[in-house]
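One letter stands for each residue in the lines below.
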Amino acid sequence: MLKKLSLPKIRKLGFKYQLIAPSIIILLIIGLFPLVYTLVVSFQGITMMDNDTSFHGIKNYVAIADDTRFWGALFHTVMFTVIALPIELFLGLFMAQLFIEKLPGRQIFIALLVLPVVVAPIVSGATWSLLLDNRFGPINQIINWFMGEELTLLWTINPTLVYPAIFLAEVWQWTPFMFLLLLAALSAVDKAQLEAAAIDGASYWMIFTKITLPSIWPVMAVAILIRGLDLFRLFDIVWALTKGGPGTMTETISTFTYVKGFQQFETSYTGAVALLIIIILSFVVIGALRKVELSR
Amino acid sequence: MADLRISGLHKYYGSMHAVKGIDLEIPSGEFTVLVGQSGCGKSTLLRTIAGLEEIDQGTVQISGQTVNDLAPKDRDIAMVFQNYALYPYMKIFDNIAFGLRARKVEKTEINKKVDHVSKMLSIDHLLDRYPRQLSGGQLQRVAIGRAIVREARIYLFDEPLSNLDAQLRDEMRGEIKRLHKELGKTMIYVTHDQIEAMTMADRIVLIRDGKIEQQGTPSDLYDRPKTKYVAGFLGSPSMNFITARVVTQGLGYGLILENTAAQLKMPENVSQRIGEYLGSNILIGIRPEHFSLNNESKPEDSGTTIEVSIDLVQPTGARTYVSFKIGQVTAVAELNPRDIRQNESNLTLNVDVNRCVLINKDTEFSI
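These protein sequence lines are chains P and E, in that order. Sequential numbering of the first sequence, starting at 1, is according to my numbering. Sequential numbering of the second sequence, starting at 1, is according to my numbering.
Do not rely on the hints blindly, as some may be mistaken.
[Stated by the list, open to error] Once the Cα atoms are required to be at most 25 Å apart in a straight line, the calculated DMTMM-like pairs of lysine to aspartate or glutamate come out as: (1) E:Lys113 - P:Glu195; (2) P:Lys191 - E:Glu151; (3) P:Lys191 - E:Glu53; (4) P:Lys210 - E:Glu151; (5) P:Lys102 - E:Asp115; (6) P:Lys191 - E:Asp311; (7) P:Lys210 - E:Asp115; (8) P:Lys59 - E:Glu53; (9) E:Lys91 - P:Asp133; (10) P:Lys191 - E:Glu106; (11) P:Lys102 - E:Glu53; (12) P:Lys291 - E:Asp128; (13) P:Lys210 - E:Glu109; (14) P:Lys102 - E:Glu109; (15) P:Lys191 - E:Glu54; (16) P:Lys191 - E:Asp76; (17) E:Lys20 - E:Asp193; (18) P:Lys210 - E:Asp193; (19) E:Lys91 - E:Glu106; (20) E:Lys73 - P:Asp190; (21) P:Lys102 - E:Glu54; (22) P:Lys191 - E:Asp115; (23) P:Lys291 - E:Asp223; (24) E:Lys91 - P:Asp190.
[Unchecked claim] Distance ranges between label pairs, derived from CB positions: (25) E:Tyr13 - P:Trp205: 26 to 34 Å; (26) P:Lys191 - E:Asp23: 52 to 60 Å; (27) P:Val117 - E:Leu70: 52 to 60 Å; (28) E:Asp115 - P:Leu91: 54 to 62 Å.
No lab work stands behind these hints: they were computed from the structure. For every residue, glycine included, the Cβ atom is placed at its ideal position computed from N, Cα and C.
Take the sequences, apply the hints, and build the full model.
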């Protein structure tokens, strides 16, 4: 593309290319330039102390391979994704199945259920941090009532409680998103097919797996992809609740990159990390899209 | 024994009273057509039989057993849907086999049955395809195949042909009728198309506004309609209704058609019935085919002919439809095309007074 736009050729290009040129250029500046710049930076040695723009080869990438904190963060990220994603999916699907039936006040409940999606993640993280607070939080208070004794549950510090706390906030915020998409998909399933299957003598489970599931699958696959990518970039909720702690126990790729880039100012190293993540995710997305395409 | 007995059936959708007290008995092996305009409740009635709609009042019995609270799958019925409702993610074989698999039929038995049914409907070459690869007519055959592969007691058809084009519809109509003959099963067929009803039914149940208007054999309803609605609903083009005054004529009675000088002499058996209406207006219903051209006036025709001036001639090939005015009313006659001469503007028509329908103008019941 860039080659085609070199100056001598530009005059020969048709009017149509001249027309779309401005928007293409803007897209390239916004979309491609930062990527290229990151790539360039990742081969340099810029840190807070040293503005070293000389070529350092793959030094930063080699450093990543040895950085246990990076691999830890990647592991946490993958773990959050593979645990939270199925929970959100099944909860969302279950709720959508419930709300597909005609219930009194259905519209109001759906509107209420979808509210968490509207809240900014950093705000919901902060809210959960208050809810789970040991001294002021209502959650511990309620647990204490039920247990009948004073328990000190340090949700954001205790290593065994910190994961449940993050999952709680994450699932609370994003299950409604799954719910909404799957509800829309479920209501688009052809009623006559379900009726035909009911007359054919199919059990609820058979109808669900053979008719409902295949027809909502395209939407479900996209929902899984969107949420999967979101979870892989998980930042706000973790940052608000634990800042990656205790220690680096809940550090995700995003919080790790942020700490490296904007607290420790290891700029070139961060560039290498970011680029590596982009490459990993690109493979995941391409693979996933191919799966979705094939299922049609 | 009756396969299906419905008594006092009511169905409401919110405040909408869709089925208003239907009593119906359908004997074993009969092909019954529920016919009526869209929104008359015929599909709702079928769906309550299938168990897809709950019943608000009354009972539905299938072979003597009350099925009000039974799930559709436990009612021993099979159904063909208007939009086919095939399972799009399954091959045709799996579509047909679905009901058998759901009922845990043995695999070799399934293969045998699907094979038999698909041959019967000549869709055996399509078994490996998906529904989206089939044409409308083929889809309809598969939908029928899916229903008949299960040996149910009652087969329900919900306007199965309404998505097909005219030619295919004619073909499938014959096919379904042949199938009924072959299988000898009880079939209930819903349609808004009176031609489908007339051609296919052993018995027609004409439904109007949630109630049964009349039921009987096609010829019962066609030749002896109980109400003006039935008379007008069946037949295409539909029956001509003309207001007429009852007068004495000779020893019997005659009818003077409104706004004309034409007077029709009623035969003796009809005269007996209209005596009480002497001097008042009634409706006379004449089907288009009950007009015929009066080529040479014969004495026995006297008193049963009318003079008309032609409005419009519509040839269809086999028959020609001629529109004309009787008083203020536009009427249609179905005539032999060879009888109509070019540029003819006036005709003398015989009226087959023996086959006319006479209707009380106030109650709209036939006399």
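Hints versus structure:
1. A C-alpha spacing of about 23 Å is found between lysine 113 of chain E and glutamate 195 of chain P, which places the hinted pair at or below 25 Å, so the restraint holds.
2. Taking the CA atoms of lysine 191 of chain P and glutamate 151 of chain E, the gap is about 24 Å. The hint holds against a cut of 25 Å.
3. This hinted pair checks out: lysine 191 of chain P and glutamate 53 of chain E have alpha carbons roughly 13 Å apart, not beyond 25 Å.
4. As the CA atoms of lysine 210 of chain P and glutamate 151 of chain E are separated by approximately 22 Å, the hinted pair is consistent with the 25 Å bound.
5. A threshold of 25 Å between alpha carbons decides the hint, and for lysine 102 of chain P with aspartate 115 of chain E the separation of about 41 Å lies outside it, so the pair is violated.
6. Under the criterion of a C-alpha separation no larger than 25 Å, the hint pairing lysine 191 of chain P with aspartate 311 of chain E is inconsistent with the structure, at around 49 Å.
7. A threshold of 25 Å between alpha carbons decides the hint, and for lysine 210 of chain P with aspartate 115 of chain E the separation of about 22 Å falls inside it, so the pair holds.
8. For a cut-off of 25 Å, the pair hint linking lysine 59 of chain P to glutamate 53 of chain E is broken: about 71 Å separates their Cα positions.
9. The straight-line distance between the Cα atoms of lysine 91 of chain E and aspartate 133 of chain P is roughly 56 Å, outside the 25 Å bound, and the hint therefore fails.
10. For the hint linking lysine 191 of chain P to glutamate 106 of chain E, the alpha-carbon distance of about 29 Å lies beyond 25 Å, and the restraint is violated.
11. Distance hint between lysine 102 of chain P and glutamate 53 of chain E is fulfilled; the C-alpha atoms sit about 14 Å from each other, no more than 25 Å.
12. Note on lysine 291 of chain P and aspartate 128 of chain E: the hinted pairing holds, with a Cα-Cα distance of about 23 Å set against a maximum of 25 Å.
13. Distance hint between lysine 210 of chain P and glutamate 109 of chain E is fulfilled; the C-alpha atoms sit about 21 Å from each other, no more than 25 Å.
14. Distance hint between lysine 102 of chain P and glutamate 109 of chain E is unfulfilled; the C-alpha atoms sit about 40 Å from each other, more than 25 Å.
15. Taking the CA atoms of lysine 191 of chain P and glutamate 54 of chain E, the gap is near 16 Å; set against the 25 Å cutoff, the hint holds.
16. Between lysine 191 of chain P and aspartate 76 of chain E the alpha-carbon distance is near 21 Å, which keeps this suggested pair within the 25 Å criterion.
17. For the hint pairing lysine 20 of chain E with aspartate 193 of chain E, the CA-to-CA distance comes to about 22 Å; that is within 25 Å, so the pair holds.
18. Simply put, lysine 210 of chain P and aspartate 193 of chain E have alpha-carbon atoms about 35 Å apart, too far for the 25 Å limit, and the pair is violated.
19. Only pairs whose Cα atoms come within 25 Å are accepted, and lysine 91 of chain E paired with glutamate 106 of chain E is accepted, the gap being roughly 19 Å.
20. Distance hint between lysine 73 of chain E and aspartate 190 of chain P is fulfilled; the C-alpha atoms sit about 19 Å from each other, no more than 25 Å.
21. Restraint check for lysine 102 of chain P and glutamate 54 of chain E: the C-alpha separation of about 15 Å stays at or below 25 Å, so the hint holds.
22. This hinted pair does not check out: lysine 191 of chain P and aspartate 115 of chain E have alpha carbons roughly 28 Å apart, beyond 25 Å.
23. Distance hint between lysine 291 of chain P and aspartate 223 of chain E is unfulfilled; the C-alpha atoms sit about 64 Å from each other, more than 25 Å.
24. Simply put, lysine 91 of chain E and aspartate 190 of chain P have alpha-carbon atoms about 17 Å apart, close enough for the 25 Å limit, and the pair holds.
25. Against the hinted window of 26 to 34 Å, the Cβ-Cβ separation of tyrosine 13 of chain E and tryptophan 205 of chain P comes to about 30 Å, which satisfies the hint.
26. In this structure the supplied range 52 to 60 Å is violated for lysine 191 of chain P paired with aspartate 23 of chain E, their Cβ-Cβ distance being about 29 Å.
27. Taken as a hint, the range 52 to 60 Å is violated for the pair valine 117 of chain P and leucine 70 of chain E, whose Cβ atoms sit roughly 42 Å apart.
28. Here the CB-CB span from aspartate 115 of chain E to leucine 91 of chain P is close to 45 Å, at odds with the stated 54 to 62 Å.
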